[in-house]
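Enquirer: Protein chains in written order, with full-length UniProt numbering: chain A, 1 to 424; chain B, 1 to 310.
Hints are not guaranteed to be accurate.
Claimed, not checked - Pairs of lysine-lysine residues, derived as DSBU-like cross-links and limited to a Cα-Cα distance of at most 30 Å, are as follows:
#1 A:K112 to A:K396
#2 B:K201 to A:K204
#3 A:K315 to B:K254
Simulated from the structure, these hints should not be mistaken for lab results.
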Amino acid sequence: MNLLIKNGRVIDPSQGLDEIADVLVEAGLVKEIGKNLKAPAGVETVDAAGKYVVPGLVDMHVHLRDPGLEYKEDIVSGTRAAAAGGFTSLACMPNTKPAIDNKAVVSYIINKATTDGFCNVFPVGCITYGMGGERMAEMGELKEAGCVAVSDDGRPVANAELMRRALEYARGIGILVISHAEDLALVGEGVMNEGFTSTELGLKGIPRVAEDIATARDVMLAEYTNSPLHIAHVSTKGSVRIIREAKARGVKVTCETAPHYFTLTDDAVRGYDTNAKMNPPLREADDVAAVKEGLRDGTIDCIATDHAPHHLDEKDVEFNAALNGIIGLETSLPLSLKLVGDGILTINQLIEKMSCNPSKILGISRGSLRVGGVADVTVIDPAAEWTVETEKLVSKSRNTPFAGWKMKGAAACTIRGGAVVFSR
Amino acid sequence: MAEFKHRNIIALRDLTREDMELLLATAENMREINSRDIKKVPTLRGKTIVNLFYEASTRTRTSFEIAAKRLSADTVNISPSTSSATKGETLADTALNLLAMKPDIIVMRHAVSGAHYHLAQKVTCSVVNAGDGAHEHPSQGLLDLLTIRDRFGRLDGLKVAIVGDITHSRVARSDIQGLTKMGSHIYLAGPPTMMPPAVEKLGNVTVCATMREAIQDADVVIMLRIQQERQGKTLMPNAREYSRYFGLNPENLKLAKPGAMVMHPGPINRGVEMSSYVVNGSQSHVLKQVENGVAVRMAMLYHVCGGELV
Ligand SMILES: [Zn+2]
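Next up, chain A with everything else stripped away, as it sits in the complex (with noise of 0.2 Å):
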């Protein structure tokens, strides 16, 4: 596959560079990167003048529900929404049906990715087999077939003593640990943040302690044990307060957050609209502003979606009902531009923390744009102006908060392997 990505604003952190150059590709991999290149006979030409060409965005915090649940999305669906917002590799959560903690479930899915896939797949497997919370999965072989990370999302490790166990023994296979940091007694029944908001509406409150102090928790046991740690998902001021002291110290620990923690507050529940039903939940004024914070001076080394695609019928119910979590993917890249519009990152740390960083973190070959190495690229158009329609979104699932909303910025262009799988 060749392709002359041509006049493009060429911006890899991962070497520093950020110039008006063209980009070569061949046979899938990047061939040369520089100024007035000639286009080899034959070769597709890609005009990339007013944007951004930078190494392919990679989520890491996607649930693709497939196998077992691919009425709300499978991998085809998930990849081509995926593609369509500007990413080229993805990982996956491990709480389909079955849960991914075995390796012929991995296999399928890197199978089915590869063959029918729009984007690279990475499948995170579980900490706890079934995610059941009592015995640790095999993570040898885990890793073996395939998974870049050890979850159990969607459900905390409740048991310290395991979660340490856990660690230690990741450490050793060399998998990463991915907290989903939540005290669930402190949780109880609650249904949204606990705050003004809930008081008014009526609703059982989610403290931002019960957040904080898994975090707390696990970061403890990662300097304990010497063993790196990826706190998922972070929305509360304590949690970014608590990872940045603990980077201080030297503890190897990194986080994400995801576009709606820095978009949104607790408000968007009013109305008792389920599409802000998420968890953690939608915080308050001053947990948006830490996390902006965290992402601006680095404390926060990620921006992943969290795409948790669910059917209408699981959303159009009333509020306690309703199943947690949004859609991501094809909102994502604009969300997260305008981090850069209103000055909290620079166009190149935006690119770090959704592409390089996500990808050292995972330790797959990704997140750069280095000679010799794969062409995931994705080309941005910063200046397209678009209005979110639900019908036209890729994903199987409509459960966006942002239905209706104006974004500027998208993916003009996403190349995986040399290929274009996705332009508009």
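We have chain A already, so just place chain B with the ligand on it with the hints.
Expert: Chain B with the ligand alone, transformed into the frame defined by chain A:
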């Protein structure tokens, strides 16, 4: 008379002071009907009202039913068991099935806050909230307003204490929304485990450290029901200790203004929220609340039906 512009009554938060004045004025007219020998007018003749109660509540359901019957509406009571609701049929499905039978009003009680907004999006008939989760109980709020206004002739400038489990109380939320919009000042007291965050931001509301502070010089003391089954084991040690620190008895009632009103949405746990001396005492307006409940509900049904006389 002013016009009532709402098709549904789901929360007092959604109503203006004028809306509430109108409902109270109508309720006073309705009360006159209730004192006649023949307590029935043809106002809602031919209208069908469905009482859809997902939570058991003999009092509120009966009160709505009597209200409907005094206005000559036909009523149907439906109590889907919570278990059948979780076995597949959604609230929306139930509502659409009911709607196919062409009711004019659905009066619903539901355990989930906000369920009525969901229902109202699905149906074309009027929706009246008879209590949703810990959100609102507008008919109770309005009957409390009416009962207080009966006693003082006004609602502005009153000191109203509300004592008990504020977090789980839809009555408290409707009382706060209604009374503060009418000009009263609310003083809340209860164990901090039962006090929701930032509740002062709801309106003219002060959170007090002790019950004494809340009822000191109060014109009205509203005691909330403690739902012991709902408290789990973490919100208070036991009923005995609760009654000692948050129960109303003849002694601490003396802190309130002389002749202060005592109210309770019922049913009362005697000896827990209030001692029997207070319940049966001269300052108790509990039965007047019940009486006013019928009139207020007649007014609500009348206005959501368009307020047209047949
Ligand atoms: Zn999670």
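Enquirer: Look at each hint and say if it fits the structure.
Expert: Cross-check of the supplied hints:
no.: 1; hint: A:K112 to A:K396; in the structure: holds, 17 Å
no.: 2; hint: B:K201 to A:K204; in the structure: holds, 18 Å
no.: 3; hint: A:K315 to B:K254; in the structure: violated, 52 Å
Against the hints set out earlier in the document, a violation occurs for number 3 only.
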